[in-house]
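Enquirer: These are the residues of each chain, in order.
Number of protein chains: 2
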Amino acid sequence: MGKHLTKRSEDYSKWYNELVVKADLAETSAVRGSMVIKPYGFAIWEKMQAELDRMFKETGHQNAYFPLFVPKSLFEAEEKNAEGFAKECAVVTHYRLESDPEREGKLRVDPKAKLEEELVVRPTSEAIIWNTYRGWIQSHRDLPLLINQWANVVRWEMRTRLFLRTAEFLWQEGHTAHATKEEAVAEAKQMQEVYATFAEEFMAMPVVRGAKSESERFAGADDTYTIEALMQDGKALQAGTSHFLGQNFAKAFDVKYTSKEGKQEHVWATSWGVSTRLIGGLIMTHSDDAGLVLPPKLAPIQVVIVPIFKNEEQLETISEAVEVIVKELKAKGVSVKFDHRETMRPGAKFAEYELKGVPVRIAMGNRDLENGTVEVARRDTFEKKTISKDEVVSYVADLLEEIQVNLYTKALTFRNDHITEVNSFEEFKNAIEQKGGFVSAHWDGTEETEEKIKEATKATIRCIPNDAKEEEGVCVFSGAKSSKRVLFAKAY
Amino acid sequence: MGKHLTKRSEDYSKWYNELVVKADLAETSAVRGSMVIKPYGFAIWEKMQAELDRMFKETGHQNAYFPLFVPKSLFEAEEKNAEGFAKECAVVTHYRLESDPEREGKLRVDPKAKLEEELVVRPTSEAIIWNTYRGWIQSHRDLPLLINQWANVVRWEMRTRLFLRTAEFLWQEGHTAHATKEEAVAEAKQMQEVYATFAEEFMAMPVVRGAKSESERFAGADDTYTIEALMQDGKALQAGTSHFLGQNFAKAFDVKYTSKEGKQEHVWATSWGVSTRLIGGLIMTHSDDAGLVLPPKLAPIQVVIVPIFKNEEQLETISEAVEVIVKELKAKGVSVKFDHRETMRPGAKFAEYELKGVPVRIAMGNRDLENGTVEVARRDTFEKKTISKDEVVSYVADLLEEIQVNLYTKALTFRNDHITEVNSFEEFKNAIEQKGGFVSAHWDGTEETEEKIKEATKATIRCIPNDAKEEEGVCVFSGAKSSKRVLFAKAY
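Residue numbers (the working numbering), protein chains in the order written: chain X, 1 to 492; chain G, 1 to 492.
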């Protein structure tokens with residue numbers, strides 16, 4: 001079948017790349033670092049979008065759309081932000097092609113069509129959006145302004161990996177404006193919690209909620225709140241971030257409002273985003289050597305039904321019974337596929353749906369028909385059970401919930417088993433190198449120590465957990481006093 | 001209020017621009033020719049997307065996502081297509097900015113970060129998609145391949161107008177591959193019909209289904225099927241197109257399949273798209289001098305409820321009664337807004353929701369409370385009616401349907417009144433100049449005549465209607481024989 005996967009224990013990175021391609025999620029494209037998201041992968045993204053969009057709207061946000069291009073003079077207005085992204089900006093300099101006089105039938109850039117001002121392809125949209133907000137915000141009555149955008153962005157990354165790091169990616173970016181610092185901080189924290197809820201309840205991916213250290217903050221932010229997940233290979237994945245931007249953009253773009261007291265004040269800002277990177281996180285949280293494992297809440301196909309038949313007549317009889325089950329499952333809101341292709345054997349179909357991570361497989365053969373049963377197999381544990389045809393719908397509905405819970409529990413156990421408290425740099429290095437996962441350690445709070453630890457171990461501070469307890473201690477590296485443990489890990 | 005609109009009879013174009021901005025649909029941006037779609041405008045687009053996406057999926061299509069950038073060498077592969085779009089391509093030539101040594105705190109393009117091959121920002125995605133399809137299609141079993149993409153595209157237009165013609169716009173583009181010519185033609189025609197159904201049933205915008213003349217075809221297509229709508233000012237709007245692409249892209253990108261008979265054959269292609277331009281068509285089909293008029297099926301807010309009160313206590317009593325109505329309307333799937341702002345008078349609210357085209361307004365005051373009634377006003381005819389509180393929910397549900405039908409009927413009557421059959425060039429010119437609308441005329445089928453008529457009258461062939469009858473006649477311009485009438489009009 002050409003579908004054999006490298007084992008995770010052999011080469012995790014190779015397993016990941018193969019799985020993304022073989023499960024029809026995505027593939028590399030002719031454009032350096034850009035991927036094609038294939039229909040099956042995009043269907044997962046659509047499910048993610050639908051849930052996130054609902055959650056954003058329930059918390060009062062509206063969608064809008066801002067330009068792809070940012071004039072260079074706007075882009076550079078907020079200096080830290082500009083500096084942070086300058087090295088990875090794709091830049092449009094011309095607006096026309098013409099026939100190439102030296103290569104018949106070919107085109108070249110028309111040198112006469114040079115733009116007066118170069119346009120940056122948005123790596124993030126704060127600049128163009130805050131330039132727009134200046135016109136939208138006059139009074140305290142215009143606040144809060146709660147906007148989200150679903151869009152593509154471009155960051156010219158040198159080392160790319162499907163979903164995890166691509167030159168172009170799809171994401172949502174929320175951009176909000178508030179009258180007070182307190183409201184903006186509350187908003188940024190609220191969106192961190194929305195992301196965490198989404199990750200845990202829908203992706204079945206446990207996350208640590210925390211704040212970034214200064215050196216890991218978003219360029220232009222006063223604070224970055226993050227959710228950090230742990231992948232099966234012991235590396236961390238930053239899965240979503242929410243930024244408190246202070247008044248940095250409001251000042252750079254001169255966005256002021258008249259307060260209730262009649263005073264002119266700069267507004268306070270947040271921005272927050274998650275991207276198609278989440279699909280990479282989903283894969284590396286649950287999948288196994290047989291292929292994808294998808295949580296039922298995000299699986300494009302939740303149940304597949306495979307008939308086992310020797311001839312047309314058998315297929316027909318089985319199909320009649322299956323159609324009843326299909327109808328009832330659909331009525332319960334379960335997405336179900338009846339795969340009655342005659343060009344493929346049941347065993348090959350089983351392997352295909354295992355590879356694609358369909359949570360539940362129902363098989364029905366001639367003997368089942370006689371006995372009034374079906375065989376139900378779950379993808380997460382490979383367990384099979386023979387169930388009465390009449391009970392299969394409610395059984396499957398319950399099973400889908402059980403699988404969702406089981407995946408989360410399993411991932412949570414793995415994650416919790418991979419948080420190691422250390423009290424010396426020796427222990428730190430051992431934990432990072434031999435066990436992987438998060439290392440919980442005291443840190444002296446300086447960028448210098450952070451940098452030295454990174455040089456020595458490749459581990460970075462993933463976050464200062466929201467629930468970190470006050471605890472007297474000394475920095476594992478410098479020995480200086482510390483009052484909190486932070487989480488380190490190697491990361492994607 | 002600064003909300004006064006220019007009258008349509010004074011200056012239709014000015015009315016349109018003012019309305020788009022004042023109704024909070026969109027505005028121009030800092031990027032030449034690109035617009036910002038504001039939340040209210042974007043909410044209409046979301047409603048359009050949801051319905052279209054459902055219709056695409058019901059006809060067997062799946063969504064996917066392809067790169068924004070197209071390497072120049074791929075872009076130029078299908079020569080007619082490349083030639084057609086070359087003059088309006090934004091081109092990325094560099095991938096990095098650096099500090100400008102001559103302007104402190106400013107950035108410039110890093111000359112060392114020049115791309116080896118320039119990247120075209122997609123004006124349409126045939127090239128990148130067909131280059132990808134080569135890897136996806138081997139056998140007749142891989143066909144048909146039915147894919148759609150929701151995306152942004154860029155066409156560097158010199159004269160832009162909000163929604164109607166912008167440098168960047170949002171659209172969907174379907175790209176399908178088929179084993180036979182017949183299947184591809186059937187697909188292209190099916191999608192034309194999907195668009196027509198959407199326009200008529202959801203936008204309440206009647207359209208003529210037809211084929212484009214050769215000179216108006218999509219660059220690279222063998223046939224372009226179009227839906228053409230008529231705006232209130234007598235100009236036509238091309239609202240959606242579906243292209244039969246023959247084997248042009250399959251040959252340019254060498255996409256072949258093995259047939260059932262074991263032969264290698266080039267596949268057959270279609271592509272089809274509608275864009276945010278539809279919002280422009282929606283506006284110019286229904287709206288009036290008081291503002292937007294939205295068909296209920298696409299209105300972000302279908303019903304607004306405005307309380308009329310003199311004090312807090314009255315507002316509270318009214319609110320209690322209103323909340324019951326709100327709940328019942330929502331249960332019926334009606335989107336309803338209760339506007340209880342105390343900072344704005346009812347009259348100002350009425351004007352605002354008229355401007356924004358909310359189909360139904362319910363007002364409830366103290367006297368209503370005493371009588372157990374509410375006042376229901378419809379946006380399309382401005383009629384008002386006093387209705388018993390207990391009947392208002394079913395009354396409003398029916399009224400929304402009635403408004404949807406009324407808008408379509410009104411637009412259809414206007415459109416039919418503006419199709420003029422002419423039999424001489426004199427009549428042709430009179431009809432185009434004095435009456436506007438579609439002119440149905442015999443045409444000799446030559447590009448030369450088409451061009452001359454355009455020069456003389458600015459009218460172009462909008463389409464050869466699908467339902468054009470065979471009819472002996474002579475071309476209004478050349479006098480040569482013709483067997484069919486075609487539709488001419490000035491167009492957006």
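Misleading hints may appear alongside valid ones.
Claimed, not checked - Restricting the straight-line Cα-Cα distance to at most 25 Å, the calculated cross-link-like pairs of lysine to any residue (SDA-like) are:
{"id": "1", "chain 1": "G", "residue 1": "Lys-57", "chain 2": "X", "residue 2": "Arg-159"}
{"id": "2", "chain 1": "X", "residue 1": "Lys-256", "chain 2": "X", "residue 2": "His-266"}
{"id": "3", "chain 1": "X", "residue 1": "Lys-256", "chain 2": "G", "residue 2": "Lys-22"}
{"id": "4", "chain 1": "G", "residue 1": "Lys-87", "chain 2": "X", "residue 2": "Arg-159"}
{"id": "5", "chain 1": "G", "residue 1": "Lys-112", "chain 2": "X", "residue 2": "Arg-159"}
{"id": "6", "chain 1": "X", "residue 1": "Lys-327", "chain 2": "G", "residue 2": "Met-55"}
{"id": "7", "chain 1": "G", "residue 1": "Lys-337", "chain 2": "G", "residue 2": "Asn-366"}
Treat the hints as calculated values from the structure; they're not laboratory data.
Enquirer: Next, verify each hint and record whether it holds.
Expert: Hint-by-hint comparison with the structure:
no.	hint	verdict
1	G/Lys-57 x X/Arg-159	36 Å, violated
2	X/Lys-256 x X/His-266	4 Å, holds
3	X/Lys-256 x G/Lys-22	22 Å, holds
4	G/Lys-87 x X/Arg-159	33 Å, violated
5	G/Lys-112 x X/Arg-159	19 Å, holds
6	X/Lys-327 x G/Met-55	21 Å, holds
7	G/Lys-337 x G/Asn-366	20 Å, holds
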